[in-house]
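Use these hints to put chain S onto chain E, whose structure you have.
Top line first, the protein sequences correspond to chains E and S.
Going by my numbering, the first residue of the first sequence is number 1, and it counts up by one from there.
Going by my numbering, the first residue of the second sequence is number 1, and it counts up by one from there.
Any given hint could turn out to be false.
[To be verified] Chain E regions said to be covered by chain S (calculated; three or more residues, Cβ under 8 Å):
1. 33 to 39
2. 43 to 56
3. 69 to 76
4. 102 to 112
5. 115 to 121
[Said to hold, decoys possible] Heads up, simulated SDA-like pairs for lysine to any residue below, C-alpha to C-alpha not over 20 Å straight-line:
6. S:K135 x S:P67
7. S:K70 x E:Q59
8. S:K70 x E:S54
No lab work stands behind these hints: they were computed from the structure.
Glycine included, C-beta positions come from ideal geometry on N, C-alpha and C.
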Amino acid sequence: MSDITLRDDTTPEPAPATEPAPGLLPGELRPHPSPLRYVVIAVVLSAITAAEVSLYYLQGDIPDALIITLLLAFAIMKFGIVASWYMHLRTDRPIFANFFVLGICSAILLYLVVLTSLQIFS
Amino acid sequence: MATIEQAPPPSPPVPPGPPEPAGHPPAGTGTSNTKLAIWLFLSSDCLFFGAFISAYLLYRSRHQTGPTPKDVYSIPFTSVSSFVLLMSSLTMVLALAAIQRGDLRRLRIWLLATALLGSVFIGGQIFEFTEFARKGLSLDTNLFSSTFFVLTGFHGAHVTIGIIWLISLWGLATQGRLRQGDAEKVEVAGLYWHFVDVVWIVIFTVVYLIPAPK
Chain E
1 MSDITLRDDT
11 TPEPAPATEP
21 APGLLPGELR
31 PHPSPLRYVV
41 IAVVLSAITA
51 AEVSLYYLQG
61 DIPDALIITL
71 LLAFAIMKFG
81 IVASWYMHLR
91 TDRPIFANFF
101 VLGICSAILL
111 YLVVLTSLQI
121 FS
Chain S
1 MATIEQAPPP
11 SPPVPPGPPE
21 PAGHPPAGTG
31 TSNTKLAIWL
41 FLSSDCLFFG
51 AFISAYLLYR
61 SRHQTGPTPK
71 DVYSIPFTSV
81 SSFVLLMSSL
91 TMVLALAAIQ
101 RGDLRRLRIW
111 LLATALLGSV
121 FIGGQIFEFT
131 EFARKGLSLD
141 TNLFSSTFFV
151 LTGFHGAHVT
161 IGIIWLISLW
171 GLATQGRLRQ
181 GDAEKVEVAG
191 LYWHFVDVVW
201 IVIFTVVYLI
211 PAPK
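Chain S extracted, bound-state conformation:
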């Protein structure tokens, strides 16, 4: 004789679990996504600056008209600018050390000092460009001037972005919105700033110091 099986009673509704954590899930690399992203960006920026440095090396001696690099460069002035940018890297790491210690007063001081030193560097670059223009060298004078202005101009743009970033962090710190737990934000800004510094180390040597072929 056939038997009819009774359907099991409906299961009680499952209570809602804990809410999903906000933001991205942790990366599988065992480190933070932010730091990984900035390093990837810096890695790609090496190719960006490499293109302009190569173009400069290729064209600097092919100037048909107008002043030559030797006529316009002022090595003492650029050496001081390089020293200023180098010292801004020191103040940047001191800012990071300060936030890691929880010393927010020194964090504000060092962030502002870094932004100021960066501004001095940019001021020097604007002065240098003005002097070059006074000596008759503009973006379209010859191949040397075009590649020089594009290379150093893009580097200056990077420094300017860094200054804006640092001033934003300083503003947050002044409002009390940057605490010891936010040290990674300062570290990431610092990585960008030091990269701008190492690019200038290369530019200073390759563009200003190494003698052009005769």
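So that you can see chain E by itself, here it is in the shape it has in the complex:
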């Protein structure tokens, strides 16, 4: 006797779970950080801001190219910390991060092309 079993195709596929696990918000994979960790992150962000402002006052003492590179690196660092810890991208489903990264990359790409075509970098 054959082992073939018939599957009823009319049965709808079960929808992905929309209810979060107990103690989690919708879309969360892991719990959010503790309030103490949030405070530590705020201290780190403040320290980076202080470093940025200090760099501004070093104009003339060190090359502008170095200042610009460091300032951009600090801004990217702060942006990443806020997005991953305060906006919870590191504990939420990757779909949210994908949307956000898509928007950021589209903006950077689009306006780099525009600014290059207008010869701002030459």
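Then chain S, alone, in the frame of chain E:
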């Protein structure tokens, strides 16, 4: 001989089933529609602010008349404003942590603190704009002023909308209409607020700190 088949008796009426659930059906992504919508909005807002930042970068050095960025910017003042907005992101996440714990008293405190810090930032921006106008820089003075006021003005409008949103949530919490089960409402408002903060992180660096080409 032909036989006539008798029609089957009519089936009894089907009893009504349970009522359809109200609202939208669940999304096929396995997460909530509200959170997905706010992330899509924030993603599109990146392009919105990208346009104004690019226009500023393009035109800031093409000022023919009037004061230059170096003449009008007060870095110590803007640094304090940036710090205030950064701290408002901390109070916002503390508000979310409070509602997740069911601590509604602290939720109200942190929501109000966030709205107040946002108001201080907006107050600082109004003061800054007034000072610029006193130094002879208005929206139509030159290309630098036009792009600067449009960029920072739209950011200020975003912060103002965020403050109204936070005060609405605080009002709901005060009336007892925001409970532990409504944590997602606070989270969505928080995502918007943090986005406004990260946009300012970029503006502070690109507009105020990075030296303009000579």
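A quick look at each hint next to the structure:
no.: 1; hint: 33 to 39; verdict: holds (count 4)
no.: 2; hint: 43 to 56; verdict: holds (count 7)
no.: 3; hint: 69 to 76; verdict: holds (count 4)
no.: 4; hint: 102 to 112; verdict: holds (count 8)
no.: 5; hint: 115 to 121; verdict: holds (count 3)
no.: 6; hint: S:K135 x S:P67; verdict: holds, 7 Å
no.: 7; hint: S:K70 x E:Q59; verdict: holds, 12 Å
no.: 8; hint: S:K70 x E:S54; verdict: holds, 17 Å
Every hint, counting from the list given before, is met by this structure.
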